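J.: Residues per chain, in single letters:
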Amino acid sequence: MRISPMCEFPLEEYRARITALTGRMRAAGLDGMMLSSRENTRYFCGLQSVIWPSKVSTPGILLVNADGKTALIGSASAVETARHTSVLDREDVFCYDRNNLPGTPSTYPDAVSDAFRRLGLSEGRIGAEFGESCYLHLQYHWYLELCRLLPGVQFVDAGEEIFHLRSVKSPAEVDLLREACRRNEESIKAALSSIVPGQTTERDVLRHFAGEAFHRHCENVRELSVRFSNRRVPLAACPAGDVLIEAIPHAPVFAGGGLLLHGYQAYWEHTAVLRAPTPRQQELFDCARRTAEYACKELRAGASLGGSLQKINAFAASTSAGAACQTRRAPCAGIGLDPAEPPYFRTACQAPLPLLEGNVLWLSPCFGTETDGLFSCCVTLVVTSSGAQLLSSFPESLIAVALP
Amino acid sequence: MRVVPIMDFPLDEYSARLQKLRDQMASAQVDGVMLTQEENLRYFTGLRSTAWGCKDAAPGLLLLAADGRAALVCVEALLPSAASTCCLKESELIGFASQGEPLGPSYVSAIHSAIVRLGLQHSRLGFESGMVARLSLRYMDFFALKHKLPEIEFVPFARNIWNIRTIKSPREIAVFREVCAISGQCYQKAFDSVVLDRTTEREVYHCFAEEAFRLGADGMPPLIVEFGRGRYTQANCPPSDKVITSQKHEFLFIDTGPSLKGYITDTIRMGVVGEMNRRQRELRQIADEALAFCLEMIRPGVLCSDVSAKMDQMVEKKGFGPWNQTRGWTGHSLGLEVHEPPTLSCDCDMVLQAGMILSVEPLMMDAENGMIATEHNILVTETGYENLTPWLPDMVIL
Numbered sequence: 001m002r003i004s005p006m007c008e009f010p011l012e013e014y015r016a017r018i019t020a021l022t023g024r025m026r027a028a029g030l031d032g033m034m035l036s037s038r039e040n041t042r043y044f045c046g047l048q049s050v051i052w053p054s055k056v057s058t059p060g061i062l063l064v065n066a067d068g069k070t071a072l073i074g075s076a077s078a079v080e081t082a083r084h085t086s087v088l089d090r091e092d093v094f095c096y097d098r099n100n101l102p103g104t105p106s107t108y109p110d111a112v113s114d115a116f117r118r119l120g121l122s123e124g125r126i127g128a129e130f131g132e133s134c135y136l137h138l139q140y141h142w143y144l145e146l147c148r149l150l151p152g153v154q155f156v157d158a159g160e161e162i163f164h165l166r167s168v169k170s171p172a173e174v175d176l177l178r179e180a181c182r183r184n185e186e187s188i189k190a191a192l193s194s195i196v197p198g199q200t201t202e203r204d205v206l207r208h209f210a211g212e213a214f215h216r217h218c219e220n221v222r223e224l225s226v227r228f229s230n231r232r233v234p235l236a237a238c239p240a241g242d243v244l245i246e247a248i249p250h251a252p253v254f255a256g257g258g259l260l261l262h263g264y265q266a267y268w269e270h271t272a273v274l275r276a277p278t279p280r281q282q283e284l285f286d287c288a289r290r291t292a293e294y295a296c297k298e299l300r301a302g303a304s305l306g307g308s309l310q311k312i313n314a315f316a317a318s319t320s321a322g323a324a325c326q327t328r329r330a331p332c333a334g335i336g337l338d339p340a341e342p343p344y345f346r347t348a349c350q351a352p353l354p355l356l357e358g359n360v361l362w363l364s365p366c367f368g369t370e371t372d373g374l375f376s377c378c379v380t381l382v383v384t385s386s387g388a389q390l391l392s393s394f395p396e397s398l399i400a401v402a403l404p
Numbered sequence: 405m406r407v408v409p410i411m412d413f414p415l416d417e418y419s420a421r422l423q424k425l426r427d428q429m430a431s432a433q434v435d436g437v438m439l440t441q442e443e444n445l446r447y448f449t450g451l452r453s454t455a456w457g458c459k460d461a462a463p464g465l466l467l468l469a470a471d472g473r474a475a476l477v478c479v480e481a482l483l484p485s486a487a488s489t490c491c492l493k494e495s496e497l498i499g500f501a502s503q504g505e506p507l508g509p510s511y512v513s514a515i516h517s518a519i520v521r522l523g524l525q526h527s528r529l530g531f532e533s534g535m536v537a538r539l540s541l542r543y544m545d546f547f548a549l550k551h552k553l554p555e556i557e558f559v560p561f562a563r564n565i566w567n568i569r570t571i572k573s574p575r576e577i578a579v580f581r582e583v584c585a586i587s588g589q590c591y592q593k594a595f596d597s598v599v600l601d602r603t604t605e606r607e608v609y610h611c612f613a614e615e616a617f618r619l620g621a622d623g624m625p626p627l628i629v630e631f632g633r634g635r636y637t638q639a640n641c642p643p644s645d646k647v648i649t650s651q652k653h654e655f656l657f658i659d660t661g662p663s664l665k666g667y668i669t670d671t672i673r674m675g676v677v678g679e680m681n682r683r684q685r686e687l688r689q690i691a692d693e694a695l696a697f698c699l700e701m702i703r704p705g706v707l708c709s710d711v712s713a714k715m716d717q718m719v720e721k722k723g724f725g726p727w728n729q730t731r732g733w734t735g736h737s738l739g740l741e742v743h744e745p746p747t748l749s750c751d752c753d754m755v756l757q758a759g760m761i762l763s764v765e766p767l768m769m770d771a772e773n774g775m776i777a778t779e780h781n782i783l784v785t786e787t788g789y790e791n792l793t794p795w796l797p798d799m800v801i802l
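So the protein lines, in turn, are chains D and X. Residue numbering for the first sequence is 1 to 404, as defined by the numbering used here. Residue numbering for the second sequence is 405 to 802, as defined by the numbering used here.
These are computed hints drawn from the structure, not numbers from a lab.
Distance condition first, Cα-Cα at most 30 Å in a straight line; then the derived DSBU-like pairs of lysine-lysine: (1) 55(D) x 552(X); (2) 297(D) x 189(D); (3) 722(X) x 652(X); (4) 69(D) x 55(D); (5) 493(X) x 550(X); (6) 189(D) x 593(X); (7) 665(X) x 424(X); (8) 55(D) x 714(X); (9) 424(X) x 55(D); (10) 552(X) x 493(X); (11) 424(X) x 550(X); (12) 665(X) x 189(D); (13) 646(X) x 593(X); (14) 665(X) x 55(D); (15) 646(X) x 55(D); (16) 297(D) x 311(D); (17) 493(X) x 424(X); (18) 493(X) x 665(X); (19) 652(X) x 593(X); (20) 550(X) x 55(D); (21) 593(X) x 665(X).
Chain X is nowhere near these chain D residues, computed Cβ spacing over 12 Å in every case: (22) 1; (23) 10; (24) 24; (25) 125; (26) 358; (27) 394; (28) 404.
These numbers come from a predicted model, not from an experiment. Cβ atoms here follow ideal geometry from the backbone N, Cα and C, with glycine treated the same way.
Starting from the given sequences, assemble the full structure and let the hints guide the process.
T.: This is the structure we're talking about:
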C-alpha cells in the first residue's frame, strides 16, 4: 500500500481496515473477498470514480485474499484513476481492454478471473456482496461468466462480515460524519427558511438546498424529499414536486435528505411551519424531542438493539402524544458510506447483537396526525461506552416561516 | 393507468411506453417482465422515490404480464409515496410489511406472491440482464426468488428494453434541449469563476453545480474537473484540491453535466491557460476534424461500429493514430443514464435511428502536450443530426 494523491484517510486507516477484513474472513472460513460496490471499494482501498452510476463503465473490483494481498481490476481507461485514488500499489491494479491488446484480457470477467488466479483464489470460498445492504456492482451475465471461468470458487454472502467492520467508525470517520451533519443541517435549514409562501415550490426548496450544500463544498447531494401540507407530509420518501407552498397558516413543510462529504452521507429531516405551529403541533414536536433525548440516553455500547427500540417505543407511547407516534418499527439506522446501513433495529428477531462503540446511527422519532402533520426530531449520534454522543445538533424548535 | 400528483410526463407518454414494452415481450416471446432498476421504473411507470439510494429500501419492483396486467411491489411504508408518482392503478400497487427488518424474506415472498397473482409462475420472464443492465436487487433475494419459482425461465431482456428507451420521444427531446441549455450556462459560469493560482478543481465543480441548481436543474451527476499535467490520464477521476495555476499551455478539462427530470447531459469543454502551443493546436484541429467527420456520418441507418471504425481510420490516415485515446469508443447515447446504448464503439451492432441522442467525444492525448477533447450532444434526426450543445467555444482562454 502507498499514500495516493487523493487518498482521504491516513494509510494506517486503510491498512487497519484490510487487516480487520482478513481477520473476519478467517473467522468466517473465507479464502477471499470480492468487493464491487462504490462504497466497499472506497472504504477498503480508497478508490474513487465519477462513473459508478454507469452500467457500461467498470471503475473497479477489489479482491482480497486471506493473507491480505489485494488486486483491483477495472477497465483500461480506469487504471490511472484507480492508481491516483486508491492506496494499492501500482502493480496491484489490473485491467482489461476491449481493443484486444496482446497480453491484456479483453473482457471484465476474464480480467477478474485472472486476478483471482493471481491471488491464489482459483478455488475456495469467496465472500461477495449478496446480502443485506449489498448490491453486487456487476452485470448478471458477467457474474455468470465469472462463475463459469472459476468453477472451483464458491461465492457466499459476506454482507455481515463487511458491515461488522464498516458499522464501527474510526475517530477520523466520526469527525467526517460530524462535519457532514453540520453542513447538511445548515443547508436544509437555509432551504426551509428561504420559503416565500405563495411563490416557492417544493422543487425550489430542493434546488435551494442543493445550492447551499454545494456552496458548503459537499461532494454531492442526494435528492431531498420536500413535502408540503398535511396531505403530502406523510408520504415517506416522496420526491419534491412542482407543488406550490401556499400561504396556509400552520401548514407544515417537511424536508429530509442529505449530502455527501468524501463519500460519507449525512441525513437530516425537519419541518417548517407557516406562520407558527399550533399548540398541538408544538406538542407533537416536543414529544419527538423528548423521545430523541430519551433514546440518546438509552443507546450505549453493549445495549441490545431490539431491546433499546422497545424501550424507546415504550417511552414514546408514554408521552402526552403517545397515540400519535409514527415510528414504532424503525426510527433509526446506521449511516456511513451508505445513507442507511447496519446496524438496523430488529424488533422481529430480537437479535442479540449489541450496539458497538463507534456505531453511528441516525434517529428520527416522529409524531403526527392527519390533521396536524408529522413532526420528527432527527439526530445523528455515535455510540460510546458511556452513552450516545451527538454528531448533529439537537433540534430546538420548528422553523417558522412568515406569511406575507 | 391514472394521472398522479407528480408526473414527469403526461399519462399518454407512459401508456405508449408500456405498449412498446408489451410489443417487445411479444417479439421476445416472453410472458412477462420483471424490472428493478430505478431508471426503468421511472421510465415505464413514473415511479420516483428518494429512497433509491438505500439498498435495503425496496421502493419498487415492477412485474408486467404480456396481457398488460401489472404489479408494483414495494415496502409498505413507501406505498403512499409510490401511489403519488407511479401511474399504475392503485390496485396494482402491492405493499409488503418488512417485519421490523429493512428487507428480508418478506420481500421475496411479496415478489413471489405478485408473480403468482399475475399467473407468471410457469413462464418465460424477461429480466434486466444483458446489455447495459444491472439488477437493483440483492443477489441473495434473486437467488431465493429463483429457488421459490423453479418453473420460471428468466430470460435476458435488457436489449429489448433498450430497443424502447434508445428512441427519445419529442417530450424527452424537449427536456434534453432544456437541460443542455442549462449546462451551457453552467460551463460559462464555471470557466468565468476561475482565478488562476487560486481556484481549485473542486471549487470549479462546486461553482458549476451551484449554478446548475440555480438555473433549474434537479440533479447533478458527478462532474469531472481536471487541471494540468499529471491529471490528463486520469479518466473519470473526481475533482481534487489541485490549484489551477497560471502555467501556460496547461488545460482545464470539465466533463459531464446536470440532469433534469432524470435526463443527463454529458459534454466536455476545455480551457487553456494563455494559449495553446503549436502541437496543442494540431491536436485541437484533429479533434475538431474527427468530431466533424463523425457528425457527417450521423443519420438513421448507419451502423454504430462503423462510425467508430471510420473515425479511427480517418485519424490514423492523418497520422494521429498513436494519440487517439478514443480508439474503439467514439461516444455513447444519453438518457436517464449517462451511458446508454447504442455506443459509438467497435463492438456495437446497433443501427442509428431518428430520436436517439448521442454524445460524440473524440479525445487526443499527447504525453508532452496534454489532452484535447470535445464532446457534444447530438440528436439523430430523420435526415441527419442536430447539435444540442453548440454553445461555448470548444476551447476557452483562461
